[in-house]
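Enquirer: Chains as they are written, first to last, in my numbering: chain X, 1 to 243; chain G, 244 to 461.
Calculated directly from the structure, the hints in this document are not laboratory data.
Note that CB positions come from ideal geometry on N, CA and C, so glycine has one too.
Treat the hints with care, since some could be wrong.
[Stated by the list, open to error] So these bits of chain X aren't anywhere near chain G, every CB distance computed over 10 Å: (1) Pro22; (2) Leu36; (3) Leu74; (4) Met117; (5) Ser172; (6) Leu219.
[What the hints assert, rightly or not] Where chain G lies over chain X, by a calculated footprint (3+ residues, C-beta under 8 Å): (7) 136-146; (8) 151-160.
[As the list claims (entries may be wrong)] In silico negatives: residues of chain X with every beta carbon more than 12 Å from chain G: (9) Ser3; (10) Trp38; (11) Asp45; (12) Asp46; (13) Val67; (14) Thr129; (15) Val164; (16) Arg173; (17) Ala175; (18) Asp199; (19) Val200; (20) Glu240.
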Amino acid sequence: MTSIWEYANPRRFMVASGTLLPWITGIAALCLIGGLIWGFFFTPDDFRQGSTVKIIYLHVPAAIMAVNAWMMMLVTSLIWVIRRHHVSALAAKAAAPVGMVFTLIALFTGAVWGQPMWGTWWEWDPRLTSILILFLFYLGYMALWEAIDNPDQAADLTAVLCLVGSVFAVLSRYALVFWNQGLHQGATLSLDAEQNIADVFWYPLITVLAGFGFLFLALVLFRTRTEIRARRIKALITQEQMT
Amino acid sequence: MIGLLKRDLTLALRAGGGFGLSLAFFLIFTALVPFGIGPETGRLAEIAAGLLWHGALLACLLSLDRIFQLDWEDGTLDLIATSPLPLEAAAALKALAHWLTTGLPLVAAAPILGLLLNLPGPANPWLVASLLAGTPALSAIGTFGAALTVGIKRGGLLLSLLVLPLYVPTLIFGALTATRGAQGLDATTPLVLTAGITLGACAILPFAAAAALRVNLR
Chain X
1 MTSIWEYANP RRFMVASGTL LPWITGIAAL CLIGGLIWGF FFTPDDFRQG
51 STVKIIYLHV PAAIMAVNAW MMMLVTSLIW VIRRHHVSAL AAKAAAPVGM
101 VFTLIALFTG AVWGQPMWGT WWEWDPRLTS ILILFLFYLG YMALWEAIDN
151 PDQAADLTAV LCLVGSVFAV LSRYALVFWN QGLHQGATLS LDAEQNIADV
201 FWYPLITVLA GFGFLFLALV LFRTRTEIRA RRIKALITQE QMT
Chain G
244 MIGLLKRDLT LALRAGGGFG LSLAFFLIFT ALVPFGIGPE TGRLAEIAAG
294 LLWHGALLAC LLSLDRIFQL DWEDGTLDLI ATSPLPLEAA AALKALAHWL
344 TTGLPLVAAA PILGLLLNLP GPANPWLVAS LLAGTPALSA IGTFGAALTV
394 GIKRGGLLLS LLVLPLYVPT LIFGALTATR GAQGLDATTP LVLTAGITLG
444 ACAILPFAAA AALRVNLR
């Protein structure tokens, strides 16, 4: 039984992620294409909302993954701060743009759904606003990575920012609930509910959700591999210059 | 410890220290508001409390890069880091000095500027209390942001991008206190929450700021 920390070694990580990546990408594509076709064409229209209800298949998974991406960055930042594994820091860096795009997808699909349903593209509702603020956190995090030349320094500072930012993101979430009541319905999916939505919608929805999860995993692995390769090239160039 | 605080305060108060600049910015911000919104007193009274909070927040933000930048450039920061004083305490003192020279004057000026915006009289105690409870958090968060970006040349815009999202909870509760006060409602709950954020920020963020400074001084 090998420990998970074995994969903190960049070479082992490259080998393992190289073999896993095609499979994960395949599963992601299968789940996404299958789930979306199932959801878009083989589920009944809603009684009141008509076919616009089908935006849920993009909106809900994107919003869930936008939050989870930040959680993953928090965990990998902690691992970097505690155990100094470079792969972990690079994975956090790789996840940020992906998470940011997920917040954008959630905001965009929400606006497209909100226009016919609520009669407005945007509403200062706690749930909408907290996703918008999460988007700003992603922007700041990425900008800090870009601004610092020394990669280890950048990894340290962004990790600290991620830890502090997580605390304030949670605080903002509850502050926003206090601030405005909002228009957004409650959580569509929650773990403690007996049945969240009717089964016809539920099965395609979790299929797409799994697809988004695997897509995120595939993109993060891919981007981490790119970062590791970029580091290697940099090291090779410095080596050349030394000799 | 006291020496460092005294030094920071004197530096800020003497010529070129920037004391009063943020106060002047606050005044100009308030004076410009009616040009954008329109001079109707009723409408101004409605939004005055929130606008004063925005003004205080921006005035605070603009003075953040002074906290560590000059000390970083002339090497004082290295001396502070090697002194027996823990860097955490130094960061907390820097935040305190920033609050004394920026936050406290803003609190004092807010009711006077409230007159310009036709802020209802009963709102004044709430506004002052909310700013008094909230501005230390702005200084503590700002010190952390300044510590993160101290090594970056012309990091002012980046600093705003990093710090403003962190200001969200403080702004929400602080402005809510002042607005509720202006409407004649009881605003104890948001006031207590503002104070809670300030206490939490002052307790945790000096450690984060010191960690960021250590990385930057490496």
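Enquirer: Decide, hint by hint, whether the structure agrees.
Expert: Here is how each hint holds up against the structure:
A cut-off of 10 Å between C-beta atoms confirms that Pro22(X) is not in contact with chain G; the least separation is 37 Å. Every C-beta of chain G lies more than 10 Å from that of Leu36(X), the closest at about 32 Å, which supports listing it as non-interface. Here Leu74(X) stays apart from chain G, with its beta-carbon at least about 14 Å from theirs, past the 10 Å limit. At roughly 27 Å, the least C-beta separation between Met117(X) and chain G is larger than 10 Å, which holds for a residue marked as non-interface.
Its beta-carbon lying about 4 Å from the closest one in chain G, Ser172(X) breaks the requirement of being farther than 10 Å from that chain. Once the 10 Å rule is applied to beta carbons, Leu219(X) is consistent with being away from chain G; the minimum gap is 24 Å. As drawn, the stretch 136-146 of chain X meets chain G at 6 residues by the rule of a beta-carbon pair under 8 Å; at three or more, the given contact holds. Counting residues of the stretch 151-160 of chain X whose CB falls under 8 Å from any CB of chain G gives 4; the rule of at least 3 is met.
No beta-carbon of chain G comes within 12 Å of the beta-carbon of Ser3(X); the shortest separation is about 28 Å. Here Trp38(X) stays apart from chain G, with its beta-carbon at least about 38 Å from theirs, past the 12 Å limit. Every CB of chain G lies more than 12 Å from the CB of Asp45(X), the least distance being 38 Å, so the non-interface label holds. Chain G leaves Asp46(X) outside its interface by the beta-carbon criterion, the shortest separation being 34 Å against a cut-off of 12 Å.
Separation of Val67(X) from chain G is adequate, the least Cβ-Cβ distance of about 15 Å exceeding the 12 Å criterion. Interface exclusion of Thr129(X) from chain G breaks down, the closest Cβ pair being 9 Å apart, not more than 12 Å. Val164(X), annotated as away from the interface, has a beta carbon of chain G within 12 Å; the closest lies near 5 Å. Distance check on Arg173(X): its Cβ comes as close as 9 Å (rounded) to a Cβ of chain G, failing to clear the 12 Å threshold; non-interface status is violated.
The beta carbon of Ala175(X) is not kept farther than 12 Å from every beta carbon of chain G, the shortest such distance being approximately 4 Å. Every CB of chain G is more than 12 Å from the CB of Asp199(X) (nearest about 39 Å), matching its label as outside the interface. For Val200(X), the non-interface assignment is confirmed: its Cβ lies about 39 Å from the closest Cβ of chain G, beyond the 12 Å cut-off. At roughly 26 Å from the closest C-beta of chain G, the C-beta of Glu240(X) stays outside 12 Å, upholding its exclusion from the interface.
Checked against the numbered hints given earlier, the structure breaks hints 5, 14, 15, 16 and 17 and satisfies all the rest.
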